[in-house]
Structure formats: C-alpha cells, structure tokens
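Visitor: Okay, here's what each chain looks like letter by letter:
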Amino acid sequence: MRLFKSHDLPGTLICVEGIDGSGKSTQLAILRDWLKSKNLDVIFTEWNSSELISQTTKKAKKKNLLSPRTFSLLHAVDFADRLEQIIIPALKAGFIVLADRYVYTAFARDVARGVDRDWVRNLYGFAVQPDLALYYDISAEISLERICANRAPSFYEAGMDLKLSNNPYKSYVIFQNRVNEEYASMVEEFGLVKIDANNTIHSKQILLRKYVTDVLQQKGIQL
Amino acid sequence: MENNTNPHNHKGLLIVIEGTDGSGKSTQIEKLRRWIEDKSYGCMVSEWKTSRLIANVIDDAKDRNLLNATTFSLLYAADFADRLENTIIPALDSGFVVLLDRYTYTAFARDVVRGLDIDWVKKLYNYAPQPDLVFYLDVPIDILLKRVIGTTGLDYWESGRDIGLSTDFYESFKIYQGKCLEEYNKMKDIYNFVSIDGTLPCEEIHKKMISHVEKLLETGKLD
Chain G
1 MRLFKSHDLP
11 GTLICVEGID
21 GSGKSTQLAI
31 LRDWLKSKNL
41 DVIFTEWNSS
51 ELISQTTKKA
61 KKKNLLSPRT
71 FSLLHAVDFA
81 DRLEQIIIPA
91 LKAGFIVLAD
101 RYVYTAFARD
111 VARGVDRDWV
121 RNLYGFAVQP
131 DLALYYDISA
141 EISLERICAN
151 RAPSFYEAGM
161 DLKLSNNPYK
171 SYVIFQNRVN
181 EEYASMVEEF
191 GLVKIDANNT
201 IHSKQILLRK
211 YVTDVLQQKG
221 IQL
Chain L
1001 MENNTNPHNH
1011 KGLLIVIEGT
1021 DGSGKSTQIE
1031 KLRRWIEDKS
1041 YGCMVSEWKT
1051 SRLIANVIDD
1061 AKDRNLLNAT
1071 TFSLLYAADF
1081 ADRLENTIIP
1091 ALDSGFVVLL
1101 DRYTYTAFAR
1111 DVVRGLDIDW
1121 VKKLYNYAPQ
1131 PDLVFYLDVP
1141 IDILLKRVIG
1151 TTGLDYWESG
1161 RDIGLSTDFY
1171 ESFKIYQGKC
1181 LEEYNKMKDI
1191 YNFVSIDGTL
1201 PCEEIHKKMI
1211 SHVEKLLETG
1221 KLD
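Here the protein sequences come in this chain order: G and L.
Each residue of the first sequence is one higher than the one before, counting from 1 in this note's numbering.
Each residue of the second sequence is one higher than the one before, counting from 1001 in this note's numbering.
Chain G with its partners taken away, still in its complex shape (with noise of 0.2 angstroms):
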C-alpha cells in the first residue's frame, strides 16, 4: 500500500502532528510564508476542511452523532477527498504540500478511541507518504491551559463520547493523553520527528527550517 513505501512525485510533503495548542499550525504558517518568499510553489491543506464532507462531519460532532468507527470513516472521507483532489495533483505539479494534521492524527486519535489499530491503519492505507512529518510534542496539561484560554474543550476533543469522566476538563486530560501515548509509539513505527513543543516560536522556526531544507536539498531544491 502507497502509504508504506516513498512516493516518486516530483513535490514535496510536509505535515505537522501534535495535539491541540501544540503551535504546530503556527510553524507551518510562518514556513509558508517562508517558503513562499523564496518563490517556492507551496499548497497548504488543513485536516477535515473537504468541500464533500467536512460541513457533515461539524453538523454530526455538534449533534453527538458519531461513534468511534463512524468518527474514523468520515475523517477518511475528508482525508481522500482532499488527497485526490489537492493533495496528489499539487505533488504531480511539483508542489511543495504542507499539511496541517495528516493520516497520524486518525491513527492517533481513533485509537485513543478504541478502534483498531490495524483496521485504521488499512483504512488509510491508500495515502501518500510524507517526505517530511513532525510531531509536536506537548503534554496534555498545557494543552489545556493553551486552548482553554478563550474556550471550553469540545466533545468530541475532550473525548467525552468515551465516559473518561464526566468533567470535560478532567476528561480532555486522560483522552489527549492517550492521544499523545499513540504519538510517541508512532516516532520510531513511521519516522515521525518529535519536536520539544515546549521551546520558543523562534527557536522552532529555526529547527523546522533545518527539517525541511534538509529534505528539499535531497528533492534537488536548493534554498
């Protein structure tokens, strides 16, 4: 399955993973506007934003809808349709693709949920593998504190179709917990590069910049 080798498209993809108040979608902001300053063709595509589905699947977690397994599929349908439609044709045009939350956020997530971890992995089994992905790592205390500055954790985020605990709060901790737990395993099972989400918006710039020059050098891009 495409997702288990390295692809051989001219462009280049780059995702960010992490829980929430990572400061992931800040990295891949200031890199586009980077990359873009050095005339660089870049495409930027965020996770559950497909023009088929993603309205659906806000309605659904709004409404409590969904299930485990139903939560999963509906992110897959979102993740294809915009692998097909954004994705693939900008690595054929010789992009450079950033990804804001990519296949490891369902592999994450929907474990943490219960869902098989084999079955999840099958299910995205047709996706692109990055030439670059990061892992923002950042415990589930200060992501909290981070996105509970202006808001309450949603139910979904907080995980509380699982009845962790009836405190969203208390609940949003275990759950981003166990999403994190499925991160670390995923450092050494897809290579994924683990970044101390804790240090300074600056000195992670510069870490990133390193990543990826490294791998547009080896794409023949020179920067």
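If you are wondering where the hints come from, they were derived from the structure by calculation, not from laboratory data.
Check the hints yourself; a few may be wrong.
The calculated SDA-like cross-link candidates involving lysine to any residue, where the alpha carbons are at most 20 angstroms apart (straight line), are [said to hold, decoys possible]: (1) G:Lys5 with L:Asp1117; (2) G:Lys5 with L:Trp1120; (3) G:Lys62 with L:Trp1120; (4) G:Lys61 with G:Asn48.
Among chain L residues calculated to face chain G with C-beta under 8 angstroms, some are [as the list claims (entries may be wrong)]: (5) Thr1070; (6) Thr1071; (7) Ala1077; (8) Ala1078; (9) Ala1081; (10) Glu1085; (11) Trp1120; (12) Asn1126; (13) Gln1130; (14) Ile1163.
This structure is a prediction, so every number in the text was calculated from the model and none was measured.
We put the beta carbon where it would ideally sit given N, CA and C, even for glycine.
On the provided structure of chain G, position chain L as indicated by the hints.
Guide: Just chain L now, kept in the frame of chain G:
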C-alpha cells in the same frame, strides 16, 4: 474484532438478500417480511444507504459528481457502520430477524469494479457480523437491462458512468453490471450464497427462500 468468517453471537438472525440492481430484491424482502411476521417473529428490514448520518450526503455528492472511487467507497462504509451500530446490531441483540437489502458483498463487488484493492475493502468491513443466511438473486445481464429500462431507467451511477467504461449509456450499464455480476459469481462459493434463479416467477422464488428460512427458525434460536 468480529470477522466476516466467524458466526455472530447476537440473539437474532441476520438474513441478507444480494443481487444487482433490478434483480428483484425489494419485492422478495417485502414478501419475506410478511411471512416472518405471520409466524409471530419480530422482523426488521434495513436497506443499503439509508443511515440518518450520511445517506443524504451520498445522494448530494452523486448529484454533483463529486466522488472518486475511494470517497465513494468510504462514504458507503460510513453509511454501513452507522446503520450497523444504530439499527442492525440493536435489533439483533433484541432477538429480531433482520432482513438486509444488500450487505458488505455489494461493497466488495462495486469497489473492486471501480478498481480498488479487494483486501483493502475486505478489511474496511471486517468488523461486520457474518450473516446466518445470504440469498443471491441471479439474473443474467440481458434480462436485467430490460427490467431496469422498463422501470427506473438507466441511472448514471448504476451504469458505472463515473469510471468511463463507455460514453454510451446502454453499453456502459451492460459492461458495469456485467463486471458486478462477475464479482458476485466469484463470491458465491467463498461466502456460501444461496443462489436463486432470479428469472423464476416471484412466488417460486419466495417459496425457495421460505424453505431456507424455515430451517433457520427450526433451530429454535428465537423461541
């Protein structure tokens, strides 16, 4: 995780009717439902693509021609998972006879014809309980064509127009449904289908089905 080759341990009975479009499934299901209820058993019918979660999304996406083979497959898988968890399993656990118009075999046939990997599709559905009985209504392509043209007319998706088999509607339907029939034929032995000649008079088909269902009921599982 359940597997398609292990008997299920739910209280009720799971009976499936498979066959291509125009093979007479709905008619037979309705007759069978009445017969089962006359015998004082609880009976529930569930049809393919009727989940509250996603069925309308599939129709809409089909109308707008938004689907590729993978998203087509995954949307149906999400529909199936939702119906299985919210309708089929609860009914089975309550001791109902559940009559299903199409089951995982429909997905196997259609997805493979659309070029997807059979092992991938099988794993996608590997949690589905194995039916107690699978009827297959076998109708040759020329008779199917007449039936469909004489009733609903040729539909874009039922003709497999999305996979570009032919620009001619009639030819496309013939090739697409022919390929689906080939897939069903391959599955007959693998999954122990009770294959019934779908060109027989309606009452005769019904009698044949009843004789098999009677044997199941005689096991006393539901008494």
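Visitor: A separate judgement is required for each hint: does it hold in the structure or not?
Guide: Going through the hints against the structure:
1. Taking the CA atoms of lysine 5 (chain G) and aspartate 1117 (chain L), the gap is near 16 angstroms; set against the 20 angstroms cutoff, the hint holds.
2. For the hint linking lysine 5 (chain G) to tryptophan 1120 (chain L), the alpha-carbon distance of about 16 angstroms falls within 20 angstroms, and the restraint holds.
3. Taking the CA atoms of lysine 62 (chain G) and tryptophan 1120 (chain L), the gap is about 31 angstroms. The hint is violated against a cut of 20 angstroms.
4. With a C-alpha separation of about 12 angstroms, the suggested pairing of lysine 61 (chain G) with asparagine 48 (chain G) holds against the 20 angstroms cut-off.
5. Of the supplied interface hints, the one on threonine 1070 (chain L) holds, with its beta-carbon coming within about 4 angstroms of a beta-carbon of chain G, less than 8 angstroms.
6. Hint on threonine 1071 (chain L) holds. Least Cβ distance to chain G is approximately 5 angstroms, under the 8 angstroms limit.
7. Interface restraint check: alanine 1077 (chain L) against chain G, minimum CB-CB distance 6 angstroms, threshold 8 angstroms, status holds.
8. About 4 angstroms separates the beta-carbon of alanine 1078 (chain L) from the nearest beta-carbon of chain G, less than 8 angstroms, and the hint is met.
9. Against a cut-off of 8 angstroms between C-beta atoms, the interface hint on alanine 1081 (chain L) holds, since the closest Cβ of chain G lies about 5 angstroms away.
10. Against a cut-off of 8 angstroms between C-beta atoms, the interface hint on glutamate 1085 (chain L) holds, since the closest Cβ of chain G lies about 5 angstroms away.
11. Evaluation of the tryptophan 1120 (chain L) hint against chain G yields a held restraint, the C-beta minimum of about 6 angstroms falling below 8 angstroms.
12. Checking asparagine 1126 (chain L) against chain G by beta carbon gives a least distance of about 7 angstroms; that is within 8 angstroms, so the hint holds.
13. Evaluation of the glutamine 1130 (chain L) hint against chain G yields a violated restraint, the C-beta minimum of about 17 angstroms exceeding 8 angstroms.
14. Evaluation of the isoleucine 1163 (chain L) hint against chain G yields a violated restraint, the C-beta minimum of about 14 angstroms exceeding 8 angstroms.
Of the numbered hints given earlier, the model fails hints 3, 13 and 14; all others are met.
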